[in-house]
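J.: Residue numbers for the sequence shown follow our numbering, beginning at 10 and rising by one.
Some hints here could point you the wrong way.
Capping the alpha-carbon separation at 27 Å, the derived lysine-lysine pairs in DSS-like fashion look like this [claimed, not checked]:
{"#": "1", "residue 1": "68", "residue 2": "53"}
{"#": "2", "residue 1": "94", "residue 2": "22"}
{"#": "3", "residue 1": "37", "residue 2": "68"}
{"#": "4", "residue 1": "71", "residue 2": "47"}
{"#": "5", "residue 1": "74", "residue 2": "94"}
{"#": "6", "residue 1": "22", "residue 2": "34"}
{"#": "7", "residue 1": "75", "residue 2": "60"}
{"#": "8", "residue 1": "43", "residue 2": "53"}
{"#": "9", "residue 1": "74", "residue 2": "62"}
{"#": "10", "residue 1": "60", "residue 2": "37"}
{"#": "11", "residue 1": "94", "residue 2": "43"}
{"#": "12", "residue 1": "57", "residue 2": "94"}
{"#": "13", "residue 1": "93", "residue 2": "75"}
{"#": "14", "residue 1": "62", "residue 2": "50"}
{"#": "15", "residue 1": "93", "residue 2": "22"}
{"#": "16", "residue 1": "59", "residue 2": "71"}
{"#": "17", "residue 1": "47", "residue 2": "60"}
{"#": "18", "residue 1": "50", "residue 2": "75"}
{"#": "19", "residue 1": "34", "residue 2": "78"}
{"#": "20", "residue 1": "83", "residue 2": "71"}
{"#": "21", "residue 1": "68", "residue 2": "57"}
{"#": "22", "residue 1": "22", "residue 2": "62"}
{"#": "23", "residue 1": "68", "residue 2": "93"}
{"#": "24", "residue 1": "50", "residue 2": "94"}
{"#": "25", "residue 1": "34", "residue 2": "53"}
{"#": "26", "residue 1": "53", "residue 2": "75"}
{"#": "27", "residue 1": "93", "residue 2": "37"}
{"#": "28", "residue 1": "83", "residue 2": "53"}
{"#": "29", "residue 1": "37", "residue 2": "50"}
{"#": "30", "residue 1": "53", "residue 2": "78"}
{"#": "31", "residue 1": "71", "residue 2": "34"}
{"#": "32", "residue 1": "74", "residue 2": "53"}
{"#": "33", "residue 1": "22", "residue 2": "68"}
{"#": "34", "residue 1": "57", "residue 2": "78"}
No lab work stands behind these hints: they were computed from the structure.
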Amino acid sequence: MREALLGGFANSKILENHGQRMINKQYKAGFTTKLHLKDLKIAKDISKNKKLKLQALEKTLKIMKKNNKSNANKDSSSYYLTLKKET
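Build the full structure now, drawing on both the sequences and the hints.
T.: Right under this line is the structure:
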């Protein structure tokens, strides 16, 4: 799947690097999931102050919180582990 996506419009450095980490099951943090969660909480506070309801933000926050319970110090590619459990 990764190879197919790399050959099309979805091609990116993020897919190239994080996709390979997921395949290799290497989740050593470059930028930890707990920092992503912190940033997302800031975004939620801003959206609340602006009276914006951002459904994608809410869904992402839910997944990030769940992932953070066991993968807080891992790389953001570890979200795959949480999503994999849900499917």
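J.: Between the alpha carbons of residue 59 and residue 71, is the straight-line distance 27 Å or under?
T.: Satisfied, since the Cα-Cα distance of roughly 20 Å is no more than 27 Å.
J.: Does the structure keep residue 60 and residue 37 at a Cα separation of 27 Å or less?
T.: Status violated; Cα separation ~37 Å.
J.: Does residue 22 pair with residue 34 here, judged by a C-alpha cut-off of 27 Å?
T.: holds, 18 Å
J.: Please verify whether residue 83 and residue 53 have alpha carbons no more than 27 Å apart.
T.: Holds. Residue 83 to residue 53 sits at ~22 Å (cutoff 27 Å).
J.: Within a Cα-Cα threshold of 27 Å, do residue 94 and residue 22 meet the stated pairing?
T.: Status holds; Cα separation ~26 Å.
J.: For the pair we were handed, residue 75 and residue 60, check the Cα-Cα distance against 27 Å.
T.: holds, 25 Å
J.: Hint check: residue 22 vs residue 62, CA-CA at most 27 Å. Holds or violated?
T.: Distance of about 31 Å is beyond 27 Å: violated.
J.: Given the proposed pairing of residue 22 with residue 68, does the C-alpha separation stay at or below 27 Å?
T.: holds, 25 Å
J.: Does residue 37 pair with residue 68 here, judged by a C-alpha cut-off of 27 Å?
T.: Distance of about 25 Å is within 27 Å: holds.
J.: Within a Cα-Cα threshold of 27 Å, do residue 93 and residue 75 meet the stated pairing?
T.: Holds, at about 12 Å.
J.: Check whether the Cα positions of residue 50 and residue 94 lie no farther apart than 27 Å.
T.: holds, 24 Å
J.: Straight-line Cα separation of residue 93 and residue 37 no greater than 27 Å?
T.: Holds, at roughly 18 Å.
Of the numbered hints given earlier, the model fails hints 10, 12, 22 and 25; all others are met.
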